[in-house]
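Chain order of the listed sequences is Y and G.
Start counting the first sequence at 174; every next residue gets the next number (our numbering).
Start counting the second sequence at 5; every next residue gets the next number (our numbering).
Any given hint could be a false lead.
[Claimed, not checked] Away from chain G, derived, C-beta distances all over 10 Å, residues of chain Y:
#	residue
1	P205
2	L208
3	M215
4	G221
5	P249
6	E267
7	G319
[To be verified] Just so you have them, the derived chain Y footprint on chain G, three or more residues with Cβ under 8 Å:
#	region
8	151-160
9	545-558
Everything labelled a hint here was simulated from the structure, so no lab data went into it.
By construction, the Cβ of each residue, glycine as well, lies at the ideal position given by its N, Cα and C atoms.
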Amino acid sequence: MRRPELWALLLCLCLPGLVQGNDPGNNTDSEPAGLSAVLASMARDTPGRLAFTETRNDPMLEETQQLTGHLEFQPPDTLIRTVDGPRGETVRIEDNRLTVERGGQVRRELSLDEQPPLAGFAAAFRGLMGNDPATLQAHYEIELHGDPTDWELRLTPRDRTLARFLLGMEIHGGEGQLREILTREAGGHESHMRLEPAKGP
Amino acid sequence: MNRHLTAPRTAPWILLVWLLGLVLALGVLLMRGHVEADLARFMPDVAAESGLDLPAGAGPAGRLLLLGISGGGDATRAQASDALAERLQDLPAVTAVHNGRPRLDEASLDTLLDYRYLLSPAMEPGRLSGTALAEHLAVRRDDLAASVPALPRHLIPRDPSAESLALLDQLAAPRDAPRRDAHGVWVSRDGHQALLSLLTRAEGLDLDVQEALLAVIRAGFQDIAPGLVLEISGPAAVAVQARSTIRNEVMLFSTLASLTLAGLLWWLFRSLRPVWLAALPLGAGLLAGAALVTLVFGQIHGITLAFGITVLGVALDYPLHLFAHANRPASSPSGAADSLWPALALGAISTALVYALMALTAFTGMAQLGLFVLTGILVAALTTRFILPGLLGRTGLPEARLPAPAWLLDPPRAGRWLLGALVLGALVVLAITEPFPWEDDLSALNPVSEEQRRLDRHLRGELKLADVRHVLVLRADTVEQALARTEALTPALEDLRASGSVAGFDTAARILPSRATQETRRQSLPDADNLARDLRAAARDQGFREGAFQPFLDDLESARTQLPLTPQTLPPTLAEALAPLLMAQGETWLSLISLSGVTDPGALDGWVVRQDLPTLTHVDFKAHSEAVVTGFRDEALTRLAWGLLAVTVVLLVFTRSPGRSLRVLSAVGAGLILATAALLLLQVRLTLFHLVGLLLVTGLCLDYAVFFSRPLASLEDRRRNLGSVSACALSTALVFGLLALSALPVLRALGLTVLLGVIFSFLAAALLAQASPHSHPPQTSP
Chain Y
174 MRRPELWALL LCLCLPGLVQ GNDPGNNTDS EPAGLSAVLA SMARDTPGRL
224 AFTETRNDPM LEETQQLTGH LEFQPPDTLI RTVDGPRGET VRIEDNRLTV
274 ERGGQVRREL SLDEQPPLAG FAAAFRGLMG NDPATLQAHY EIELHGDPTD
324 WELRLTPRDR TLARFLLGME IHGGEGQLRE ILTREAGGHE SHMRLEPAKG
374 P
Chain G
5 MNRHLTAPRT APWILLVWLL GLVLALGVLL MRGHVEADLA RFMPDVAAES
55 GLDLPAGAGP AGRLLLLGIS GGGDATRAQA SDALAERLQD LPAVTAVHNG
105 RPRLDEASLD TLLDYRYLLS PAMEPGRLSG TALAEHLAVR RDDLAASVPA
155 LPRHLIPRDP SAESLALLDQ LAAPRDAPRR DAHGVWVSRD GHQALLSLLT
205 RAEGLDLDVQ EALLAVIRAG FQDIAPGLVL EISGPAAVAV QARSTIRNEV
255 MLFSTLASLT LAGLLWWLFR SLRPVWLAAL PLGAGLLAGA ALVTLVFGQI
305 HGITLAFGIT VLGVALDYPL HLFAHANRPA SSPSGAADSL WPALALGAIS
355 TALVYALMAL TAFTGMAQLG LFVLTGILVA ALTTRFILPG LLGRTGLPEA
405 RLPAPAWLLD PPRAGRWLLG ALVLGALVVL AITEPFPWED DLSALNPVSE
455 EQRRLDRHLR GELKLADVRH VLVLRADTVE QALARTEALT PALEDLRASG
505 SVAGFDTAAR ILPSRATQET RRQSLPDADN LARDLRAAAR DQGFREGAFQ
555 PFLDDLESAR TQLPLTPQTL PPTLAEALAP LLMAQGETWL SLISLSGVTD
605 PGALDGWVVR QDLPTLTHVD FKAHSEAVVT GFRDEALTRL AWGLLAVTVV
655 LLVFTRSPGR SLRVLSAVGA GLILATAALL LLQVRLTLFH LVGLLLVTGL
705 CLDYAVFFSR PLASLEDRRR NLGSVSACAL STALVFGLLA LSALPVLRAL
755 GLTVLLGVIF SFLAAALLAQ ASPHSHPPQT SP
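Chain Y on its own, in the form it takes in the complex:
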């Protein structure tokens, strides 16, 4: 189980502004006005299973990548991300455990701590879907624009280790629906997910 340490070290490599230690999630910021209303409407109206289309822009690649799949949230904290197609995989996050399946077999089982970027995504998604403003607040500085019919959340990681890797997330939604998630990683890697309620099982 030494991977977490490795990851923490690798995250430090070639990233400017390395500072040892980070802030535990104890923030004193007040909750942005309207956040509770947004989360409450999501909890009421958003189905647990969403279909997504992800567009990835990567400065290293000639072409943008298109991925399709499903995101599923099962209260209280289980998150499943399924990607279709030849590079398909299923990532299941339960509590702090992470299981990666490819081609129908379990490829890896590891701790969420070992994958800070994914842990960041999981925290955001759990906070949104689980109507848990406290979790969201603990991990991110939050800016909320718009109103419950059409809103945009800008999330900036509070944890400095995470912040070195995950620059920020922008989440759009309205009328109880989650519509888009834009993720910006260090090194110019960008992901743009469009979400809609899943059809079928």
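Assemble chain G onto chain Y, guided by the hints.
Just chain G now, kept in the frame of chain Y:
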């Protein structure tokens, strides 16, 4: 024998010499006195005995402190862990502190990344060939798409073959890291405790510095997190605790013993005068003993003092005998002293002889104790003989209430038969106890509480620290040779691990490859043109953009001109990790191979023999310490035998009566045999200190037997004699009974042995050492 009839006053010159001696002893103690409390200086020096001059306190392992923070919530604990680490890092007494945060500083990480093509264990020929590059790029292409990439995405342009991962993997390899929680700090498996490890600058046995540091850590923690609990363990913390236990026990038991003896004296005589009078020979003996030990050894150990004071309590017998005999109307105190002197001197000289043999051993603690007791006993005996009578005055003391069991005056014949049967039974117990329960583990004598040991085991387990018992040592003439030999041995070490004899190993070569290896790696880098061509092809196949891997090409170009890293040019954090594994000893270099989970030391020895390397040795610190203990035990046994022989000669010379000598010796033998058998029946594992106890029992029993065997004619004399010996035995039994309750295993061993020994010796001496009641029937006394 020619005697003064009455000599009520001590000759002035004797008093002068005595006082001068005491002042001198006091002077020595005031000028040079130093009470040592470090247990290691009492015990045999195991590291030195192993023939390997490893640093004291097993080097870096001895400098490690283990910290656990509990209480509060996990976020609070993590915050406290960070704050404490930050504060401790700044202390000059601390070399390094780790709490689970990335352990390499930025500069070290940069150096590692720069030198990865020389340092990475995966850099074998063909690692960057065309086919290999195609495979690496396929994996990196997956990483760009995967939600769980193998290599962080931002490193992909610089390091497509993931050498940084291979290198860090190697550097983290030998020990499993402790669990890390969501806050990124080390925690126990159950998550309820935050963990830190700390390397002190001072050696582990520098207890004053360590104690001060522990106080600073605790005070600092109190500032940071007053609501949480900090527990500290590690060799130095344990040693500091042991030292304070020793100090407390010494204080407690010398006070208790003194009070008990004073109480007993007061009860016997209903007067306070004998209390301070008896303190005189004891005090003089103590002072002289402590002064002489200080002069000879340069210091006196706390355990020597604790032991010595109790053992010297035996010298209370001398004034007791005098008091018991000095209140007869018929004789003055100095007359009594004169008539007692032959028996007193015989007892004292025999006892001193036994301890003289002990004083000659190489076991510092034993030698100190021997010298201390032998000096103290002789001084106490002389003080009783020459100083006390003058102070007793003409009238002596009030009649003592001597607790003499009357039937011992004329023991029934059956008593001897019973004793004989008991001794036979005891001999059978000794003969059939197989194996003999020797305790060869030095740590069994450790005064550390079970609670502290449990804490140490717990923190050690949670922090996943290596075994400190077994070590392999490779010798070499230069650093390069040491590293090369270690590298050459690594495949065999892998086999050893695969065989299951050891769970893991750690070597210097893991942290720093030899120069030769680094140069081979450098020379095996593909040339620029081939590399650029292969890379272009592989990148195109995977859909990477042109130039996406330019940082990789740049890094490889600079690697071609790099000089190999050496211990001097290694980044400081890594040099620090290397230091305990690679050290200079005079002209030679030692490469230490630390082992963990050694399940089969025999197989390990076999493996070492099979390597057929004269430069390779296996050091088993525990076996060494056991061998040392066994050696000292055999030595102590031999000395006991020699001591008894010498005592026999002394007895024969002094008494000029083979019959009386035989009676005395058979009483001593019976006392020893019965005491030993009783210990065995009580399921006690015998240590060196039980042997010391038996030595002491020998001295006591000699005293009792010598007094019991005095050829006394009158019933009154015999009654008085029995009374004074009984009082002596009672006082000794009380003091050592107390000692058997001590928290220090060493004192407990001594207390129990002597308590049993006193009971059996007294009975044996009373029954065996008296001339047969039928050859000197009491009725015939004139």
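Okay, the hints, checked on the actual structure:
1. With 10 Å as the threshold on Cβ separation, the claim that P205 (chain Y) sits away from chain G holds: the shortest Cβ distance comes to roughly 22 Å.
2. For L208 (chain Y), the shortest C-beta to C-beta distance to chain G comes to about 22 Å, beyond the 10 Å cut-off, and the non-interface label holds.
3. The Cβ of M215 (chain Y) sits about 22 Å from the closest Cβ of chain G, beyond the 10 Å cut-off, so the non-interface label holds.
4. Against the 10 Å criterion, G221 (chain Y) stays outside the reach of chain G, whose nearest CB is about 19 Å from its own CB.
5. Residue placement check: P249 (chain Y) keeps its beta carbon more than 10 Å from all beta carbons of chain G (closest about 16 Å).
6. Residue placement check: E267 (chain Y) keeps its beta carbon more than 10 Å from all beta carbons of chain G (closest about 14 Å).
7. Distance check for G319 (chain Y) against chain G: the nearest CB is about 28 Å away, which clears 10 Å, and the non-interface claim stands.
8. Residue count for the region 151-160 of chain G with a Cβ under 8 Å from a Cβ of chain Y: 8. That meets the three needed, and the coverage hint holds.
9. Look at the region 545-558 of chain G against chain Y: 4 of its residues bring a Cβ nearer than 8 Å to a Cβ of that chain, three or more, so the hint holds.
Checked against the numbered hints listed earlier, the structure breaks none of them; every hint is satisfied.
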